[in-house]
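Q: Using the sequences provided together with the hints, build the complete structure.
Next come the chains, spelled out residue by residue.
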Amino acid sequence: MSTALPGPSTPIVPSSRQPTGIPRTPSSTLPHPSTRSANSTSLLVRSGSGALGSAGSNTTLHSNTSASSLIMSSKRISKYDKNLSRKSTEVSLSSFAFIFSEAIQYMHKRATGIQDFENRLNQLGYHIGQRALELVTVREGKSARRETKVLSILQFIHTTLWKTLFGRSADALERSADAANEYMIIDFEPMITQFISVPRELSQLNCAAFAAGAIEAVLDGSQFTANVTAHTVETDEHPLRTVFLIKFDPLVIEREK
Amino acid sequence: MGYNIGLRLIEEFLAKSGTGRCRELKETAEIISKVGFKMFLNITPTIDNWTADFKQFSLIFDENPLAEFVELPDDGRAHRELWYSNLLAGVIRGALEMVQLQVETEFVSDTLQGSDYTELRVKFIKTLEDEIPPGED
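These protein sequence lines map, in sequence, to chains A and B. With the first letter of the first sequence counted as 1, position 88 gets the number 88 in the UniProt record's numbering; the numbers rise by one all the way through. With the first letter of the second sequence counted as 1, position 82 gets the number 82 in the UniProt record's numbering; the numbers rise by one all the way through.
Calculated directly from the structure, the hints in this document are not laboratory data. Where a beta carbon is used, it is the ideal one built from N, C-alpha and C, also for glycine. Fair warning: there could be bad hints in the mix.
[Unchecked claim] Take a look, some chain B residues computed to stay more than 12 angstroms from chain A by CB distance:
1. Y3
2. L25
3. F54
4. E63
5. I125
[Said to hold, decoys possible] Listed next, with one range per pair, are the computed distances between beta-carbon atoms:
6. A:I114 with B:L128: 32 to 42 angstroms
7. A:E140 with B:G20: 39 to 49 angstroms
8. A:I114 with B:T46: 38 to 48 angstroms
9. B:T19 with A:N227: 47 to 57 angstroms
10. A:S152 with B:L128: 58 to 68 angstroms
[Stated by the list, open to error] With a cut-off of at most 25 angstroms between alpha-carbon atoms, the simulated SDA-like pairs for lysine to any residue come out as follows:
11. A:K163 with B:K38
12. B:K55 with B:T28
13. B:K16 with A:I196
14. A:K109 with B:R8
15. B:K38 with B:G20
16. B:K16 with A:S94
17. B:K38 with A:S94
18. B:K16 with A:E189
19. A:K163 with B:E68
20. B:K34 with B:G90
21. B:K16 with A:S92
22. A:K163 with B:N64
23. B:K34 with A:F96
24. B:K38 with A:T89
25. B:K34 with A:L93
26. B:K16 with A:S95
27. B:K26 with B:Q113
28. B:K16 with A:K109
29. A:K109 with B:N4
30. B:K34 with A:E90
31. B:K16 with A:G167
32. A:K163 with B:K26
33. A:K109 with B:R93
34. A:K163 with B:V70
35. B:K38 with A:S92
36. A:K109 with B:L82
37. B:K123 with B:N4
38. B:K38 with A:L93
39. B:K38 with A:L151
40. B:K16 with B:N49
A: Written as structure tokens, this is what we have:
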């Protein structure tokens, strides 16, 4: 190998810039250590004129990643490259209900109590909310706006977000009479809990904590830090009536004034 | 999870579709794709790759709502080891078991793993006999 190296030369680019081909891909795309190819030593020798240590090993990784990503990219288009504004076909509500039911059973097995159970549901919904906010904003395109008032963001959730997630607006939006930082969004018959009957020993539980998590994420994502919980407040006509209690961070209310 | 869903899903399926008994597996496959998947996921997977004895077939998914927005992580393992939509395999196994058909289901390729299409293999094992609950004979 060493005989193939060229003779003495004058550097044009300073040698600190020498090691070329350092992968620009994030570390998560690097191959698993176990899959690094066995012929890495030969690559090391070839690249190793001066900075053998770091530059050499980087070149090794690079050649591997580029090979594997080439295989993949020739086969498919990444999900990230697809157009988001296309609305995909809808699936049946039962399909959602079945999966949600399994998710609830899964969490029930692991939960230590009702509070923990609702926290888990909330966290699951939080991920939905984060993505829903982005998706709704992207789909609104040029008409999308940044809400800066508590009331307008609540109306956005009450109407736009609810329509995206559940196909209709929520039934009411109220301000608490007791506390200035508390608001309520009310749904007479939440889509996600309509097939759920809660046993008596879990009567404090409301599985709409899942939706509460989504609301919380949307509020947090719009810089209205809040805590959202779901409570069943039944009436005779609407046994499933759910109140989503939104407690804003005092700073948010302070900012409004 | 999928298996449990299947056990319960068949009830709704029969109530809504009102289909009767299938005479052969070929008919069953058609119903699964054209009625079952249409009803619950609004898609109709293609049925293909029958074996000569008509006991195994594949459902080929052009689209998959379950994996609509999914990219597997590039940690080098998920692409080899994770069958993301395995829930669907369980649903079919559970649902068919409730109509006395014992099958084995598994994914053999998945677009999420870089394949050209998503293929779910269904193997017919046997027809289950009605069992009389103990103490009722």
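Q: All hints are to be evaluated individually against the structure, with a verdict given for each.
A: Consistency of the hints with the structure:
Chain A draws B:Y3 into its interface by the beta-carbon criterion, the shortest separation being 10 angstroms against a cut-off of 12 angstroms. Interface exclusion of B:L25 from chain A stands, the closest Cβ pair being 24 angstroms apart, more than 12 angstroms. The beta carbon of B:F54 sits about 29 angstroms from the closest Cβ of chain A, which is more than 12 angstroms, so the claim that it is off the interface holds. Distance check on B:E63: its Cβ comes as close as 8 angstroms (rounded) to a Cβ of chain A, failing to clear the 12 angstroms threshold; non-interface status is violated.
Even its closest Cβ contact with chain A, about 24 angstroms, leaves B:I125 beyond 12 angstroms, as expected for a residue assigned away from the interface. Between A:I114 and B:L128 the beta carbon distance is about 40 angstroms. The supplied range of 32 to 42 angstroms therefore holds. A:E140 and B:G20 have their C-beta atoms about 48 angstroms apart, which keeps the hinted 39 to 49 angstroms range intact. At about 46 angstroms, the beta-carbon gap between A:I114 and B:T46 stays in the expected band of 38 to 48 angstroms.
B:T19 and A:N227 have their C-beta atoms about 49 angstroms apart, which keeps the hinted 47 to 57 angstroms range intact. The hint said 58 to 68 angstroms for the Cβ distance between A:S152 and B:L128, and at roughly 59 angstroms that hint holds. About 24 angstroms separates the Cα atoms of A:K163 and B:K38, which keeps this hinted pair within 25 angstroms; it holds. With a C-alpha separation of about 11 angstroms, the suggested pair B:K55 and B:T28 falls inside the 25 angstroms cut-off, and the hint holds.
At most 25 angstroms may separate the alpha-carbon atoms for a hinted pair to count; B:K16 and A:I196 meet this at roughly 20 angstroms. Taken as a hint, the A:K109 and B:R8 pair is honoured in the structure, with Cα atoms around 19 angstroms apart against an allowance of 25 angstroms. Between B:K38 and B:G20 the alpha-carbon distance is near 17 angstroms, which keeps this suggested pair within the 25 angstroms criterion. For the hint pairing B:K16 with A:S94, the CA-to-CA distance comes to about 12 angstroms; that is within 25 angstroms, so the pair holds.
A threshold of 25 angstroms between alpha carbons decides the hint, and for B:K38 with A:S94 the separation of about 12 angstroms falls inside it, so the pair holds. A threshold of 25 angstroms between alpha carbons decides the hint, and for B:K16 with A:E189 the separation of about 23 angstroms falls inside it, so the pair holds. Proximity of A:K163 to B:E68 is assessed by CA-CA distance (about 20 angstroms); at most 25 angstroms being required, the pair is judged to hold. A hinted pair counts as satisfied when its Cα atoms are at most 25 angstroms apart, and B:K34 with B:G90 qualifies at roughly 18 angstroms.
Our distance criterion of 25 angstroms between C-alpha atoms is met by B:K16 and A:S92, whose separation comes to about 12 angstroms. Simply put, A:K163 and B:N64 have alpha-carbon atoms about 23 angstroms apart, close enough for the 25 angstroms limit, and the pair holds. Pair hint B:K34 plus A:F96 holds up; C-alpha atoms about 19 angstroms apart against a cutoff of 25 angstroms. Straight-line distance between C-alpha atoms of B:K38 and A:T89 comes to about 11 angstroms, which keeps the hinted pair within the 25 angstroms bound.
Distance restraint check for B:K34 and A:L93: the Cα-Cα separation of roughly 18 angstroms lies within the 25 angstroms cut-off, and the hinted pair is therefore satisfied. About 14 angstroms separates the Cα atoms of B:K16 and A:S95, which keeps this hinted pair within 25 angstroms; it holds. Note on B:K26 and B:Q113: the hinted pairing is violated, with a Cα-Cα distance of about 29 angstroms set against a maximum of 25 angstroms. In summary, the hint linking B:K16 to A:K109 is not supported, as the alpha carbons are separated by about 31 angstroms, beyond the 25 angstroms threshold.
The suggested pairing of A:K109 with B:N4 holds, with an alpha-carbon distance near 15 angstroms, which does not exceed 25 angstroms. Restraint check for B:K34 and A:E90: the C-alpha separation of about 16 angstroms stays at or below 25 angstroms, so the hint holds. Taking the CA atoms of B:K16 and A:G167, the gap is about 23 angstroms. The hint holds against a cut of 25 angstroms. Under the criterion of a C-alpha separation no larger than 25 angstroms, the hint pairing A:K163 with B:K26 is inconsistent with the structure, at around 41 angstroms.
Taking the CA atoms of A:K109 and B:R93, the gap is near 24 angstroms; set against the 25 angstroms cutoff, the hint holds. Distance hint between A:K163 and B:V70 is fulfilled; the C-alpha atoms sit about 23 angstroms from each other, no more than 25 angstroms. At roughly 9 angstroms between alpha-carbon atoms, B:K38 and A:S92 fall within 25 angstroms of each other, so this suggested pair holds. Only pairs whose Cα atoms come within 25 angstroms are accepted, and A:K109 paired with B:L82 is accepted, the gap being roughly 23 angstroms.
Taking the CA atoms of B:K123 and B:N4, the gap is about 19 angstroms. The hint holds against a cut of 25 angstroms. Proximity of B:K38 to A:L93 is assessed by CA-CA distance (about 13 angstroms); at most 25 angstroms being required, the pair is judged to hold. Simply put, B:K38 and A:L151 have alpha-carbon atoms about 41 angstroms apart, too far for the 25 angstroms limit, and the pair is violated. With a CA separation close to 29 angstroms, the supplied pair B:K16 and B:N49 exceeds the 25 angstroms bound.
Going down the numbered hints, you'll see the structure goes against 1, 4, 27, 28, 32, 39, 40, while the others check out.
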